[in-house]
Structure formats: C-alpha cells, structure tokens
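Chemist: So the protein lines, in turn, are chains D and Z.
Quick note on numbering: this note's numbering labels position 99 of the first sequence as 99, and the sequence is numbered without any gaps.
Quick note on numbering: this note's numbering labels position 82 of the second sequence as 82, and the sequence is numbered without any gaps.
These aren't lab readings, by the way, just hints derived from the structure by calculation.
Source: prediction; values computed, not measured.
A virtual CB, placed ideally from N, CA and C, is assigned to each residue, including glycine.
Where hints are given, some of them may not hold.
As the list claims (entries may be wrong) - Computed Cβ-Cβ distance ranges for the label pairs, DEER-style: (1) D:45 with Z:81: 50 to 58 Å; (2) Z:96 with D:40: 42 to 50 Å; (3) D:92 with Z:82: 38 to 46 Å; (4) Z:26 with D:45: 56 to 64 Å; (5) Z:35 with D:37: 45 to 53 Å.
Claimed, not checked - Covered stretches of chain D, as calculated for chain Z (at least 3 residues, CB under 8 Å): (6) 75–88; (7) 111–120; (8) 123–132; (9) 136–142.
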Amino acid sequence: MRLAPRPKPAALKSEQIILFRVGGALFAISSASVQEVKSVDSLAGAAAEIKNSGIKKVRHALERDDQTLFVVNGTMHFSLPLTPGTLVFILYETRTALLIDRIEKMTSMTHLQALPSAFSGPERLWYRGLTALDQTVVPVVSPDGFLTADELFLLDAAVAEKSALQNAAANALTPQGEPAK
Amino acid sequence: MTSASQLELPSELQQELQSVVLLRLGDRRFAIAANQISELVAPSRIFRFPHRSSNVEGVILRRGRIVPVCEVAERLLGKRILDRRFYLIALRRYASQSEWIALPVTGECELINAEITAPGEDDAPHVSGWISHDGNVIEVLNVAALTTPVSPVAEARS
Numbered sequence: 001m002r003l004a005p006r007p008k009p010a011a012l013k014s015e016q017i018i019l020f021r022v023g024g025a026l027f028a029i030s031s032a033s034v035q036e037v038k039s040v041d042s043l044a045g046a047a048a049e050i051k052n053s054g055i056k057k058v059r060h061a062l063e064r065d066d067q068t069l070f071v072v073n074g075t076m077h078f079s080l081p082l083t084p085g086t087l088v089f090i091l092y093e094t095r096t097a098l099l100i101d102r103i104e105k106m107t108s109m110t111h112l113q114a115l116p117s118a119f120s121g122p123e124r125l126w127y128r129g130l131t132a133l134d135q136t137v138v139p140v141v142s143p144d145g146f147l148t149a150d151e152l153f154l155l156d157a158a159v160a161e162k163s164a165l166q167n168a169a170a171n172a173l174t175p176q177g178e179p180a181k
Numbered sequence: 001m002t003s004a005s006q007l008e009l010p011s012e013l014q015q016e017l018q019s020v021v022l023l024r025l026g027d028r029r030f031a032i033a034a035n036q037i038s039e040l041v042a043p044s045r046i047f048r049f050p051h052r053s054s055n056v057e058g059v060i061l062r063r064g065r066i067v068p069v070c071e072v073a074e075r076l077l078g079k080r081i082l083d084r085r086f087y088l089i090a091l092r093r094y095a096s097q098s099e100w101i102a103l104p105v106t107g108e109c110e111l112i113n114a115e116i117t118a119p120g121e122d123d124a125p126h127v128s129g130w131i132s133h134d135g136n137v138i139e140v141l142n143v144a145a146l147t148t149p150v151s152p153v154a155e156a157r158s
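Excised from the complex, chain Z in its bound form:
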C-alpha cells in the first residue's frame, strides 16, 4: 500500500482530502475510510460452525484473535465471489463497542487521499460517500451498514 504521507500533496489540498483504502470486488472498486482499516492479509483457513447469520461465512484466526468473515459481495454486486485473494481487516462499530471483521476482496488494495462527497438521499445505507479516482466514481462504504443483516422483509422489498 502507498502511505498517505508519500502522496506529498499541497497542505491546503490535504486539508480537504481524506485517506481511503480502495478495494476491488470482482470488476468493481469500492473505498473504505482508512481509519477503519487494520491490514490486508492473505486468505487463511476459514473455520465454519453452525449459525444463522447469513452474512457471516465463518471465522479466521489472526494474531491470536478470532475474526468473523463477513460476506459483502452479494450485497454490493448481487452475487457471491469465489475468487478471493485477500482479507481486508476492518473495524466494525457496534452500539457499544468496535470489533474487527474480515472482508474478502479480490485484488490488492491501495491507499489514496481523496475528497469525499456526501451521500445523496437515494443512496443505499451502506454508502457513506463518493470519491472520484482515475476517472471513476467510487462508493465509500459504511462498514457497519454494509455488514448489518438485512431482514427478510427488507430484502424482499429491495
């Protein structure tokens, strides 16, 4: 990853820019605020056990911690992705605490500075903003909203 300090942007511009991590899921790119990201790790063994949380695939062991693997491709792309190259370890905020979760991604990630545009009223709850990068408009993801289970009723409506 390229660190934010390596970008050497003018100070007046840096004030308006925020660090985001660009990730790839299939043929699409998304962004997450860099302060919510811990690290990018190679896929490791996933441990599965019975549960009923449809967006959780299982757990991985990382530095002695047990980290849940949350499937987000289905919500973002409408399909599951089997080709996984990395897990992006992200901080997921809950009502009273924050916990690490692993998001499967299909390509290397990149740290950039970008100006984040606020989301529109019609944007999905998991969109916390937009950035423009390399001629593309990219969704900035709200990790908490993205990994909140969708109720069957809401799913049917969408």
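Isolated chain D (complex conformation):
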C-alpha cells in the first residue's frame, strides 16, 4: 500500500487569508472573517476592564454597535509565551476581538485540509483546518473558536455585575442625602 497523492480538487477555489503571529506562532484567518483591524493604542479609551469573570484570556470588553465584544488575548488562548499584543482583529458575526502580535501578510489559499482526527482536544474548535503555504503548514483559525457559549455566559455575567455595581454607586446617596458623585 502506498500513500496516494492527494487527489486534485475539481475546482480550486481561492480564499483570501491573513497570516498573523501570536506568541511567535503563525496562524491564518479568512480575511472575510475580519471586520476591522485596530491598533491597541486606538482602543485604549474604549475598552472596559473585566474582572472576576474566571476567563483569564479576556481582560477587556468593547462596546460596538450595541453589542459587547470581548478582547481575547491570543497568546493566552493558545497557551503561548506571552507577548505584548499590538493589533486587534474585530471578527464578523462573533463577539470576539482577537489580540494579536502582528500581521505577517495577506495571501490566498487554494486548499484547506480538515484537522486530522489525531487531534482530539479543544483545537478541533480552534481551527477550521490546516493549509500548506510555501512548504509550511499553517493552522487556519475558526472565528467561532475563541469563546465557547459557557465562556460567553460567564463574561456577560461579569459585565452585568460590573454594570450593576456602577449603577448602584451612581445612585448611592452621601451621608448628607445628596447623590454621590
């Protein structure tokens, strides 16, 4: 028995992707999944800190189009050496903003191989599959794979709790019976 060459797809459909680095590792994401790329500096005033959510990879939330987006630290998500993120991908149709090191380049892929079944951990959620580019294998991330429904529930609860505390503080009265500032 001999490993047969991969059969050529009937029609190769090219997909635009962005190659980016997180914690030194190279990843790809479909450019159609990225709504916007923002620098971390530009988000400095807009991001609200989240504490006590239990989700360590998310420390900040963004309000955008009446929706709360959660900034996922890519290095923590993938358990990579921590690096200072410089860019944030705002992802379409998710509530994820992904903190990354840098964009490597934009290119296109013509073949996406499903993640081999030997991979049986949470990476099955993380990746759409693998692609070979310039004799290198790059995992193609799934935009939905950064936050699970359970994690979103905990994050929403943390945001709601923070909001409730802020409202309570705003409505509190001083000992003199005046609204607290």
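We have chain D; now place chain Z onto it with these hints.
Modeler: Just chain Z now, kept in the frame of chain D:
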C-alpha cells in the same frame, strides 16, 4: 523492505501466515499488520502549532497531504526517543473513516510473514497479537489503540 512474495513459503504455511512490518523503537522491535502500512519515509520537517493532543507532536507534509506525527515511544517504552531515522506512515482507523498517521521509528523496517498469536486477556489494548521472530516474541500493535489519547485518570491508574 522484503516483499511477501519474495519469501517463497509453502502454500499450506502461507495460509496461516500474515504479512507484518517489523519496526524498531530504541532497542525494542514491534510489528504492525502490513495492510495498515503505506510507506517508510525519511524524517522531514515537522510543523508544530498549538494544540492539546498530548500524543501528537505536529504534522509533516507528504505528497501534498498533511499527516500528523503521533508519538508512541512513550507509551511503548516509557520514554521519548530523540534518535529518529524514519517515519512509518500507517493507516489509523477511526469510527467512520481512516486516516494516515506518521509513527517515528528508529531503524529500518522489515516485511516478514509470521503467524500471529491472539492477544491474552492481560495484554494492553494496543497489543493485537504476538509473533515469534528470530527467537524473539514481538508485540503486534493495534495502531488505533496505540494512538488513542490516554485519559489522565487512566494514566494515573497505570
């Protein structure tokens, strides 16, 4: 590798014999049914990316396919082996499909015909049988069981 047809065994004996590939891991030899083996290839660049499958080291590119490299020495020998000379490309059966995986081995492989003895009740799940060859008793490996991740609980018990 020596092909099965080159062995020229009597036909009545061939009926009881099965083709297996002998492989070497460190100083031990193991066998895998030949119909589960594709080829033996020289080590090529291994690509690593984040994942949590402890028995998968990464992937290699082979004939345009991306093939996962599954570390089996730790389970078979109790230690990892750094000296690798080849990858044995084997067929790994899953519930609904089969896929190729690369098993790092430390020596050349050999195709032989041998009579396979059924495994005993006390044998580990990755043992699908035994053969006798050159005065040695050699485990025939069940690739699927060998590359199934061991749960932390089961690992602690063993």
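Chemist: None of the hints should be skipped; say for each whether it holds.
Modeler: Going down the list of hints, with the structure as the test:
For the hinted restraint 50 to 58 Å between residue 45 (chain D) and residue 81 (chain Z), the CB-CB distance of approximately 54 Å keeps it satisfied. The given range of 42 to 50 Å is respected by residue 96 (chain Z) and residue 40 (chain D), whose C-beta atoms sit roughly 44 Å from each other. Roughly 44 Å separates the CB atoms of residue 92 (chain D) and residue 82 (chain Z), a value that falls within the hinted 38 to 46 Å. For residue 26 (chain Z) and residue 45 (chain D), the Cβ-Cβ distance of about 59 Å falls inside the hinted range of 56 to 64 Å, so the restraint holds.
Range check, residue 35 (chain Z) to residue 37 (chain D): Cβ separation about 51 Å, and the 45 to 53 Å hint holds. Given a C-beta distance limit of less than 8 Å, the hint that chain Z covers the stretch 75–88 of chain D holds, as 3 residues qualify and 3 suffice. By the rule of at least three residues with a Cβ nearer than 8 Å to a Cβ of chain Z, the coverage given for the stretch 111–120 of chain D holds, with 6 such residues. A stretch counts as covered by a chain when three or more of its residues have a beta carbon under 8 Å from one of that chain; for the stretch 123–132 of chain D and chain Z the count is 4, and the coverage holds.
Beta-carbon proximity to chain Z at under 8 Å applies to 4 residues in the stretch 136–142 of chain D; the threshold of 3 is reached and the given coverage holds.
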